[in-house]
Amino acid sequence: MSDSLSWKLLTEQTVKKDHWVDLRSRSYLLPNGRELSPYYSYHNRSFTVIAARDEAGDFICVRQFRPGIAEVTTEFPAGGIEPGEEPLEAAKRELLEETGCVSECWSFLGRIAPNATIADNYAYCYLAEGCRKQAERQLDETECMETIVVPRSEMQRLIQEGGFVQAVHIAVYYLMQAGRTR
120 MSDSLSWKLL TEQTVKKDHW VDLRSRSYLL PNGRELSPYY SYHNRSFTVI AARDEAGDFI
180 CVRQFRPGIA EVTTEFPAGG IEPGEEPLEA AKRELLEETG CVSECWSFLG RIAPNATIAD
240 NYAYCYLAEG CRKQAERQLD ETECMETIVV PRSEMQRLIQ EGGFVQAVHI AVYYLMQAGR
300 TR
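Going by the working numbering, the first residue of the sequence shown is number 120, and it counts up by one from there.
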């Protein structure tokens, strides 16, 4: 990255911080010499998203209510990375917690920034193949979801028709389709 394009952080204040949000107000000096203030940003935990496929190659998904859009969405299993936890371990934990499934075949698809304009976290994207049920789900107290299987032949249609709307989850699907494993 060219340093001539970087913004210089002048000040930073926490506006609101709790278990769910860490909102910050920042002031920056821009490359053109102007000052930008306030500029609001979120400090969020990074998270994992898992394109989980069963032994038939179908997708193991979850359905849950998303208050931001006030809709029940179909999406891949996903969840936050705990402090000190490696992304792959978080992915394995989230898959087990949300679906009761495990996999012996994991591929790293990539690390992507969900909203680089205002958030500082990353999504670590994985493909888990040959998933099989091993245990009952272990949902967090605020998680209310169901596990479903989406036939692999239906996933593309589901995305195109607006039945699978989480942007990062769609990116994971296309990373998987492209065979990106780095």
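Fair warning: there could be bad hints in the mix.
[Said to hold, decoys possible] Now the in silico label distances, taken between C-beta atoms and shown as ranges:
1) E216 / R271: 32 to 38 Å
2) E204 / K135: 39 to 45 Å
3) L128 / V268: 28 to 34 Å
4) E216 / G249: 28 to 34 Å
5) G298 / T261: 16 to 22 Å
6) G203 / T266: 26 to 32 Å
7) E154 / G176: 33 to 39 Å
8) F227 / E154: 35 to 41 Å
9) P202 / I278: 19 to 25 Å
If you are wondering where the hints come from, they were derived from the structure by calculation, not from laboratory data. Where is the CB? At the ideal position from N, CA and C, for every residue including glycine.
**Request:** Would you list, in rising numerical order, the hints stated earlier that this structure does not obey?
**Result:** Of the numbered hints, 1, 2, 3, 4, 5, 7 and 9 do not hold.
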